[in-house]
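Keeping their order, the protein sequence lines are chains E and D.
Number 380 in UniProt numbering belongs to position 380 of the first sequence; there are no gaps in the numbering.
Number 275 in UniProt numbering belongs to position 275 of the second sequence; there are no gaps in the numbering.
The set of hints was computed from the structure by calculation and includes no laboratory data.
Glycine included, every Cβ here is placed at the ideal spot set by N, Cα and C.
Among the hints, erroneous ones may be present.
Residues on chain D that point at chain E, a partial pick, calculated with CB under 7 Å [claimed, not checked]: (1) Ser11; (2) Leu16; (3) Ile18; (4) Gly30; (5) Arg37; (6) Ser109; (7) Leu259; (8) Ala296; (9) Ser300.
Below, computed lysine-lysine pairings styled on BS3-like, alpha-carbon distance capped at 25 Å [claimed, not checked]: (10) Lys133(D) - Lys76(D); (11) Lys40(D) - Lys82(D); (12) Lys169(D) - Lys68(D); (13) Lys154(E) - Lys218(E); (14) Lys116(D) - Lys72(D); (15) Lys331(E) - Lys40(D); (16) Lys218(E) - Lys5(D); (17) Lys76(D) - Lys197(D); (18) Lys45(E) - Lys72(D); (19) Lys5(D) - Lys154(E); (20) Lys341(E) - Lys116(D); (21) Lys294(D) - Lys237(D); (22) Lys327(D) - Lys304(D); (23) Lys318(E) - Lys341(E); (24) Lys154(D) - Lys133(D); (25) Lys154(D) - Lys68(D); (26) Lys318(E) - Lys40(D); (27) Lys208(D) - Lys294(D); (28) Lys40(D) - Lys133(D); (29) Lys5(D) - Lys228(E); (30) Lys371(D) - Lys169(D); (31) Lys204(D) - Lys237(D); (32) Lys341(E) - Lys194(D); (33) Lys154(D) - Lys204(D); (34) Lys5(D) - Lys227(E); (35) Lys341(E) - Lys154(D); (36) Lys133(D) - Lys116(D); (37) Lys82(D) - Lys133(D); (38) Lys371(D) - Lys341(E); (39) Lys82(D) - Lys68(D); (40) Lys76(D) - Lys194(D).
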Amino acid sequence: MSSPSEPAPQTPRTGASLTLLVFAMVVTLAAFAQVGLARDGGLPKGLFFYSVALPVLAGTAYYVVARFTPYADPVLLPLAVLLNGIGLAMIYRLDLDTSRTKIAAVAAGQKLAEDEAKALTQLQWTFIGIALFVIAMIMMRDTKGDQRFTLTPKTLQRSTYTLGALAILLLILPIVPGIGGEVNGARVWVFIGPFSVQPGEFAKLLLVVFFAGYLVNKRQALSLVGKKIGFLSLPRARDLMPILVIWLITLGVLFVQKDLGTALLYFGLFVSMLYIATQRISWVFIGTGLLALGIFVATLIPFLGHVNQRIDIWQNPKPYFDGGCLLDSGKVVSVAPDTLKPGENGFGKCLQLGGEYADSAQLLKGIYALGEGGVLGTGLGQGEPWRTPLSFSDFIFDSLGEELGLTGLMALLVCYALIVQRGMKTALAARDPFLKLFAGGVSFVLALQVFVIVGGVTRLIPLTGLTTPFLSQGGSSLMANWILIALLIRMSHDARKPPPQAIQDEGMTQVVMTR
Amino acid sequence: MDLDKPLRRVSIFALLLILALMINVNYIQGSEAENLRNDKLNSRQYADVFNRDRGSIIAGSETLASSKESGKSNPKYQRDYKEGLIFSPVTGFFSSNGGQSGLEVAYSSLLDGQDKRLTAKRWFDSFIGKPTKGANVVTTIDPRAQRAAYNALKGTTDRRAAAVVMDIKTGALKVVASYPSFDPERIAPQTGEKGSKELQRLDKADFKPLVNKALNETFPPGSSFKTVVAAIEMTEKGLNLNSTVRTDPLILPETGRRLPNSHEGGACKQTAPLISAFAESCNTTFGRMALDMKAATLNSGAAKFGFGKKIPVEPDLLSAESDVPTKEPTGQPLGGDNLGRSGIGQANVRATPLQMAMVAAAVANKGKIMKPYLVDKVRADDQSELYSANPQEFAQAMSSGVADDLKQMMLAVVTTGTATNLQGRNIAGKTGTAETGIGSLNSRWFVGYSPVESPRYAFAVVTEGPGSAATNAGNLAATIMSAVRR
Numbered sequence: 001m002s003s004p005s006e007p008a009p010q011t012p013r014t015g016a017s018l019t020l021l022v023f024a025m026v027v028t029l030a031a032f033a034q035v036g037l038a039r040d041g042g043l044p045k046g047l048f049f050y051s052v053a054l055p056v057l058a059g060t061a062y063y064v065v066a067r068f069t070p071y072a073d074p075v076l077l078p079l080a081v082l083l084n085g086i087g088l089a090m091i092y093r094l095d096l097d098t099s100r101t102k103i104a105a106v107a108a109g110q111k112l113a114e115d116e117a118k119a120l121t122q123l124q125w126t127f128i129g130i131a132l133f134v135i136a137m138i139m140m141r142d143t144k145g146d147q148r149f150t151l152t153p154k155t156l157q158r159s160t161y162t163l164g165a166l167a168i169l170l171l172i173l174p175i176v177p178g179i180g181g182e183v184n185g186a187r188v189w190v191f192i193g194p195f196s197v198q199p200g201e202f203a204k205l206l207l208v209v210f211f212a213g214y215l216v217n218k219r220q221a222l223s224l225v226g227k228k229i230g231f232l233s234l235p236r237a238r239d240l241m242p243i244l245v246i247w248l249i250t251l252g253v254l255f256v257q258k259d260l261g262t263a264l265l266y267f268g269l270f271v272s273m274l275y276i277a278t279q280r281i282s283w284v285f286i287g288t289g290l291l292a293l294g295i296f297v298a299t300l301i302p303f304l305g306h307v308n309q310r311i312d313i314w315q316n317p318k319p320y321f322d323g324g325c326l327l328d329s330g331k332v333v334s335v336a337p338d339t340l341k342p343g344e345n346g347f348g349k350c351l352q353l354g355g356e357y358a359d360s361a362q363l364l365k366g367i368y369a370l371g372e373g374g375v376l377g378t379g380l381g382q383g384e385p386w387r388t389p390l391s392f393s394d395f396i397f398d399s400l401g402e403e404l405g406l407t408g409l410m411a412l413l414v415c416y417a418l419i420v421q422r423g424m425k426t427a428l429a430a431r432d433p434f435l436k437l438f439a440g441g442v443s444f445v446l447a448l449q450v451f452v453i454v455g456g457v458t459r460l461i462p463l464t465g466l467t468t469p470f471l472s473q474g475g476s477s478l479m480a481n482w483i484l485i486a487l488l489i490r491m492s493h494d495a496r497k498p499p500p501q502a503i504q505d506e507g508m509t510q511v512v513m514t515r
Numbered sequence: 001m002d003l004d005k006p007l008r009r010v011s012i013f014a015l016l017l018i019l020a021l022m023i024n025v026n027y028i029q030g031s032e033a034e035n036l037r038n039d040k041l042n043s044r045q046y047a048d049v050f051n052r053d054r055g056s057i058i059a060g061s062e063t064l065a066s067s068k069e070s071g072k073s074n075p076k077y078q079r080d081y082k083e084g085l086i087f088s089p090v091t092g093f094f095s096s097n098g099g100q101s102g103l104e105v106a107y108s109s110l111l112d113g114q115d116k117r118l119t120a121k122r123w124f125d126s127f128i129g130k131p132t133k134g135a136n137v138v139t140t141i142d143p144r145a146q147r148a149a150y151n152a153l154k155g156t157t158d159r160r161a162a163a164v165v166m167d168i169k170t171g172a173l174k175v176v177a178s179y180p181s182f183d184p185e186r187i188a189p190q191t192g193e194k195g196s197k198e199l200q201r202l203d204k205a206d207f208k209p210l211v212n213k214a215l216n217e218t219f220p221p222g223s224s225f226k227t228v229v230a231a232i233e234m235t236e237k238g239l240n241l242n243s244t245v246r247t248d249p250l251i252l253p254e255t256g257r258r259l260p261n262s263h264e265g266g267a268c269k270q271t272a273p274l275i276s277a278f279a280e281s282c283n284t285t286f287g288r289m290a291l292d293m294k295a296a297t298l299n300s301g302a303a304k305f306g307f308g309k310k311i312p313v314e315p316d317l318l319s320a321e322s323d324v325p326t327k328e329p330t331g332q333p334l335g336g337d338n339l340g341r342s343g344i345g346q347a348n349v350r351a352t353p354l355q356m357a358m359v360a361a362a363v364a365n366k367g368k369i370m371k372p373y374l375v376d377k378v379r380a381d382d383q384s385e386l387y388s389a390n391p392q393e394f395a396q397a398m399s400s401g402v403a404d405d406l407k408q409m410m411l412a413v414v415t416t417g418t419a420t421n422l423q424g425r426n427i428a429g430k431t432g433t434a435e436t437g438i439g440s441l442n443s444r445w446f447v448g449y450s451p452v453e454s455p456r457y458a459f460a461v462v463t464e465g466p467g468s469a470a471t472n473a474g475n476l477a478a479t480i481m482s483a484v485r486r
């Protein structure tokens, strides 16, 4: 790599991108074919439909990228298509099980998860996600027209505070009675007619814009040194205000929405961007300290018991299997169905005992799915990932681990690592501080989200409810992540295209604009 | 101000986060997978096994347990047992609520194809998408003798009975029969709810049909234990079969009561050669020996035969512990009446049929006991051999001289002693009639070897009921051994 401040002009890599994209399509469609071959000994009936739908969607996405951002990073789009496709194939595979193995298992009296995987819905969301990607790419294209109406990542800086306010609004929506609601213990949903949306997924992106815009303005002040203790250069006391505000908002999310994962995500994002903007490592220490304090306070507050308990389940999940009751003494009593009398339920029994009820069966079943997979996995369509509740959303990573094995999971993690790395490279190559922060923040928030959810379902950290980017079933997440990829692609195009003075070059301009 | 330096650091941190995930996933799926699959909360191992083509359990040319496709999707395979009542002490059971016993549990990972020894094969299988076929377990059991043994046991008692026959040169178990028994097919996976109910019923039924009495139930060995006492005494005092021993009445030290002989007169009067006292089973002789040698010597001498510890038969398949206590049930050191009665296999001495067969094996095999085993070979579906039994010495329980004397003494039991009814049946052994403390019911034993000339098998049979050992257990043993020798 050349000097980051003056990146060498890049040539368009659209050919390489297309090759990778074709490869991603082949992998995805092979996954679909494998599901059918493994389950029924023949190609699945839906394969034709999917093998038309997916290439058309991916092809359209490729066309807009090649058309409007030829200098864009060639790897980002194929990676997103690959992850989305693998997730879709897995959901398709789990959806098929809804109809067959599951029914047989129910007939044999075995207990199953209740929610269902819906492949067709997910394909629709993929369509909408890629459509949003295309729309975003078109909206952000280079125009000759009035600069005031141009929308590029850079121009978002103008609306820093508007977007910040919008982010806060989106965060508050799930708490509003009537439209907000709680699913699986976390109040992060908004119900609009037949649709349910997780506004937090979009708030995440808006917050990155807001943080980037805010920090670019204030970073000079925030990096001023107050006291110096040892190697730490502490900021001035009055500069602590912004981080305290964000901390309080985060705690609000934690307390009201009972969503530790989201809280961790926003706070981690802010602290990391603060560090990038100011280069003051002291901010990281202050941030970590505040977060630890927040979580500690949360574990002390009785009605937030489940934060405390999630940590306990993480360390010691087995007593909670199929229902456990954490008593004040710190002892865990099993209230699993086979320990109860007829007519009792675990939750009620636990209330009687004066303890807090929780169930670790989902987490352990997910881990057992990973164990079942081993190094090579059972093969797509040949495992039993449906035994884990939410195997298609929160726990899709474990489902993939069962059928694709360690090998497959490593490949998926490498895909995420590559997206993050490409995003970070975009940030390094960007010429504008706002764009650097924007791209860096977007990349980091993706890495952090993958860490929090994948770490949760693999018992590296306590389990919290976040979506697995591109893989989980769910529309909000897909839409937000496709927009994220659109932003990164656009920013990488800006960073990699020949420097501005080259635009004065007539031939070049003509080529870019008229093709 | 330059943003690139912190950006690079954050970028490295982000990659470290993903690296942490990778390491964790490697740990879980690479090194913990086996433990997770076998975790007892993991219901997959139970649900899964019914959908796997489990290997067969084979004895001789007969298949004792096998899986075949059920035609349903869950369970995909049903488990069939041939003559389950007869062979269940060998096969054990395998049921849908997670319970297993016998070889079904001891060799479960090989039977269902999950064992590491099958791994090389499985890698290839999983590549070509072929479901794993489990390995076949070939037992050492002689199916015809096992059948004869079960049918004979059934005819001798309405309580409990068991028989063990062991090859003295290798330790291979030829017969492991237990009564009352159960049919594993009635609790196999395909039976669903009905099977779980049957398993619950069996668990509570009289005389515990689920317990393998040949390996896992202890009985008072009675006079058959005199073999052990004689071996210890001969070793300690340097006696041989012609040494004179006292057979006169014995007054027990604590209560002053007499230890009765089964009969007065014959050898059991004043003194007799050891061989006669043994053949006629004089209680006073062996009671006195026990009192003289003290509890510790009796206990450590018996330990050489395997008493006092669980006897490993196969990995995860142990025989129950036989016991010669050194303490009264109250915790007092054993020294009085009960020590004297221990010498004749009463008081609190208890032994499994397997343990007594091992005592007989030591007698017949110059003092050497081979480690008992039940599985001869394990073969993968393609007939490649995954495991082959390797006979091992369990213990040298006594010198070959003492053993040879005892061999003759056991023969004298049949020619001149308590079991003359067995003359001409080509077996030798020691009778044992132990009071069980329940009415007039005895544990009736016959423990010995066969054929008489150059012995090859050691056996122990026990059956509960009224009456003496020679007619009940002796005839039983003779019937079983003629089936084994054939």
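Pair hint outcome, Lys154(D) versus Lys133(D) [Cα-Cα no greater than 25 Å]: With a Cα-Cα distance of about 37 Å, the restraint between Lys154(D) and Lys133(D) is violated, given a limit of 25 Å.
Straight-line alpha-carbon gap Lys294(D) to Lys237(D), limit 25 Å: holds (14 Å)
Proposed proximity, Lys40(D) with Lys318(E) (alpha carbon, max 25 Å): holds (10 Å)
Lys5(D) paired with Lys154(E) [C-alpha distance capped at 25 Å]: holds (22 Å)
Given hint Lys133(D) paired with Lys82(D) - CA-CA distance at most 25 Å: At roughly 20 Å apart (the allowed maximum being 25 Å), Lys133(D) and Lys82(D) satisfy the hint.
Restraint check for Lys331(E) with Lys40(D), where alpha carbons must lie at most 25 Å apart: OK: Lys331(E) and Lys40(D) at ~21 Å, within 25 Å.
Restraint check for Lys40(D) with Lys133(D), where alpha carbons must lie at most 25 Å apart: holds (23 Å)
Holds or violated: Lys5(D) to Lys227(E), with C-alpha atoms at most 25 Å apart: OK: Lys5(D) and Lys227(E) at ~23 Å, within 25 Å.
Hint status (Cβ of Ser109(D) to nearest Cβ of chain E, threshold 7 Å): Status violated, d = 14 Å.
Pair hint Lys341(E) and Lys116(D), alpha-carbon separation not exceeding 25 Å: violated (41 Å)
Pair hint Lys133(D) and Lys116(D), alpha-carbon separation not exceeding 25 Å: holds (14 Å)
Restraint check for Lys82(D) with Lys68(D), where alpha carbons must lie at most 25 Å apart: Given pair Lys82(D), Lys68(D) holds - Cα atoms ~13 Å apart, limit 25 Å.
The earlier numbered hints that this structure contradicts are 2, 6, 7, 8, 9, 11, 12, 14, 20, 24, 25, 27, 31, 35, 38.
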